[in-house]
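**Student:** Generate coordinates for the entire structure from the input sequences, incorporating the hints supplied.
Taking the UniProt record's numbering, the leading residue of the sequence shown gets 1, the next gets one more, and so forth.
Any given hint might turn out to be false.
When the alpha-carbon atoms are kept at most 30 Å apart in a straight line, the in silico DSS-like pairs for lysine-lysine are as follows [what the hints assert, rightly or not]: (1) 36 <-> 59; (2) 29 <-> 3; (3) 15 <-> 29; (4) 39 <-> 5.
Pair ranges (Cβ atoms, derived) [as the list claims (entries may be wrong)]: (5) 7 <-> 28: 18 to 24 Å; (6) 52 <-> 9: 29 to 35 Å; (7) 62 <-> 1: 17 to 23 Å; (8) 3 <-> 27: 28 to 34 Å.
Calculated from the structure, these hints are not laboratory results. Predicted, not measured: the structure shown is a model, and the values here were computed from it. Don't be surprised by glycine CBs; every beta carbon is placed ideally from N, CA and C.
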Amino acid sequence: MPKMKSHSGMKKRVKITGSGKIRHQGSGKRHNLENKSTKRIRQMDGNTTIAAVDVPRVKRMLGI
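**Tutor:** Here it is, written out as structure tokens:
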């Protein structure tokens, strides 16, 4: 049986925490920032945890 290949696009988009949770950067922070309020931009900072329903699919794509 051949090796399982991980999805290279998913590798670049997510990080796995020490406790096994999957984190990703939220959307909307790349451009058109002058049209967004300071509060909205600030709330988009940081990483967020992937929804529980999506975790099995992401793990399968990563080959975990």
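**Student:** Indicate, hint by hint, whether the structure satisfies it.
**Tutor:** Status of the hints after comparison with the structure:
About 33 Å separates the Cα atoms of residue 36 and residue 59, which puts this hinted pair outside 30 Å; it is violated. As the CA atoms of residue 29 and residue 3 are separated by approximately 36 Å, the hinted pair breaks the 30 Å bound. Distance hint between residue 15 and residue 29 is fulfilled; the C-alpha atoms sit about 18 Å from each other, no more than 30 Å. For the given pair, residue 39 sits about 40 Å from residue 5 by alpha-carbon distance, which is inconsistent with the 30 Å threshold.
One distance hint, 18 to 24 Å for the beta-carbon pair residue 7 and residue 28, holds here, with the actual separation near 23 Å. Our hint of 29 to 35 Å for residue 52 and residue 9 is violated, since their Cβ atoms are close to 21 Å apart. Look at residue 62 against residue 1: about 18 Å separates their beta carbons, and that is inside 17 to 23 Å. The hinted window of 28 to 34 Å between residue 3 and residue 27 holds, with their beta carbons roughly 32 Å apart.
Hint violations for this structure: numbers 1, 2, 4 and 6, all remaining hints satisfied.
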